[in-house]
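Trainee: Listed here are the chains, written in short residue letters.
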Amino acid sequence: MPLPPFQAVLDEHRDTVARFLVAWVGPQEAEDALQETLISALRAYPRLRAGSNVRAWMLTIARNKAMDSHRARARRPVLVGEPLESGSADAMPGEQDEELWHAVRELPPKQRAAVTLRFVGDLSHGEIATVLDCSEAAARRSLHEGLAKLRGEFA
Amino acid sequence: MSDPLEARLAAAARALEAPDVDFPARARDAGLADVAYTVEPSPLGELLLAITPRGLLKVSYADIYPSDAALEDISRRVSPRVLEDASALDDVRRELDEYFAGRRRDFDLPLDRTLMRGFGRRVLDRTERIPYGHVATYGEVARDIGSPRASRATGNALGANPIPIVVPCHRVIRSGGVIGNYGGGPERKIQLLELERG
Numbered sequence: 014m015p016l017p018p019f020q021a022v023l024d025e026h027r028d029t030v031a032r033f034l035v036a037w038v039g040p041q042e043a044e045d046a047l048q049e050t051l052i053s054a055l056r057a058y059p060r061l062r063a064g065s066n067v068r069a070w071m072l073t074i075a076r077n078k079a080m081d082s083h084r085a086r087a088r089r090p091v092l093v094g095e096p097l098e099s100g101s102a103d104a105m106p107g108e109q110d111e112e113l114w115h116a117v118r119e120l121p122p123k124q125r126a127a128v129t130l131r132f133v134g135d136l137s138h139g140e141i142a143t144v145l146d147c148s149e150a151a152a153r154r155s156l157h158e159g160l161a162k163l164r165g166e167f168a
Numbered sequence: 271m272s273d274p275l276e277a278r279l280a281a282a283a284r285a286l287e288a289p290d291v292d293f294p295a296r297a298r299d300a301g302l303a304d305v306a307y308t309v310e311p312s313p314l315g316e317l318l319l320a321i322t323p324r325g326l327l328k329v330s331y332a333d334i335y336p337s338d339a340a341l342e343d344i345s346r347r348v349s350p351r352v353l354e355d356a357s358a359l360d361d362v363r364r365e366l367d368e369y370f371a372g373r374r375r376d377f378d379l380p381l382d383r384t385l386m387r388g389f390g391r392r393v394l395d396r397t398e399r400i401p402y403g404h405v406a407t408y409g410e411v412a413r414d415i416g417s418p419r420a421s422r423a424t425g426n427a428l429g430a431n432p433i434p435i436v437v438p439c440h441r442v443i444r445s446g447g448v449i450g451n452y453g454g455g456p457e458r459k460i461q462l463l464e465l466e467r468g
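Protein chains in written order, with this note's numbering: chain A, 14 to 168; chain B, 271 to 468.
Keep in mind that the hints were calculated from the coordinates and are not lab data.
Hints should not be assumed to be uniformly reliable.
To be clear about the criterion: a stretch of chain A counts as covered by chain B if any three or more of its residues have a C-beta under 8 Å from a C-beta of chain B, and this derived list gives those stretches [stated by the list, open to error]:
| # | stretch |
| --- | --- |
| 1 | 18–27 |
| 2 | 38–45 |
| 3 | 67–75 |
| 4 | 147–159 |
Even for Gly, the Cβ is constructed at its ideal location relative to N, Cα and C.
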């Protein structure tokens, strides 16, 4: 079966990829990370094997871009007087729960990836393992540890 | 999901707002917009328009040839890097608007003839030279390309024209003034010929 037009892939997965990036790097950095993710995906798309799991493929690219974005941010000096991340402490569940995402961003990379891939990407444990290039058991463990840590903070 | 933290994560994930970015523009800058398309209303109904960096690739009547099928065909035959991007087709849309308003007789658009092959390509090259407001017969076109007995094949090639309107296959009719068939249906052929009669 030939590859569908890339626009069909965008229509189906772009929103998930975009929200995954917002969760991971925050709304400001997400725009660049999204553009770069989509460009990388478009560039590689003709070589994608037909029948591949396209969502897992795109989220793998997104995760790599998110890691890059994170590293770039860590290297950037903090300007004096720059306001801190505006995580409003009283966000209600269902709204922009910046407090929660802030805590997710503090998790070690594997756990952060497992949590965001599960809850934003809606991936199965097997798909998370594909994205993280680890065993399904390791993916489960990362998710479990990440959730335990968050529970500790928000209990 | 009874776990409160998991419920909170699920709700927060649903509430995340995707940023709005102009991806087609970025793809164009990166030289990756192999095919851009849009679906555009016209006096002849909705048209699918597709363009490559080489020129106009495809015009099709969306009610006759569903856009999804047309785009899948383009994905297979030209490139799967297909993006919806109306602004890439600004010139095409403007020239079509002018044509439909009777203010344009010739299109000034580069064409990408990738979807034309062999005999069909020769038929369509000849057809491009029929001036606005004029007609030729299938037999004349067949004769002019050196295949005088191929008027039926000529008709088939015109029916498969990937760029109708701009490559004016509507200007080829049967002998004796009979309008003949058209890829978009004979009514549209009549409409186009009447438009050009002014």
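Trainee: Could you run down the list of hints and mark each one as holding or not?
Mentor: These are the hints, each one checked on the structure:
no., hint, verdict
1, 18–27, "holds (count 6)"
2, 38–45, "holds (count 3)"
3, 67–75, "violated (count 0)"
4, 147–159, "violated (count 0)"
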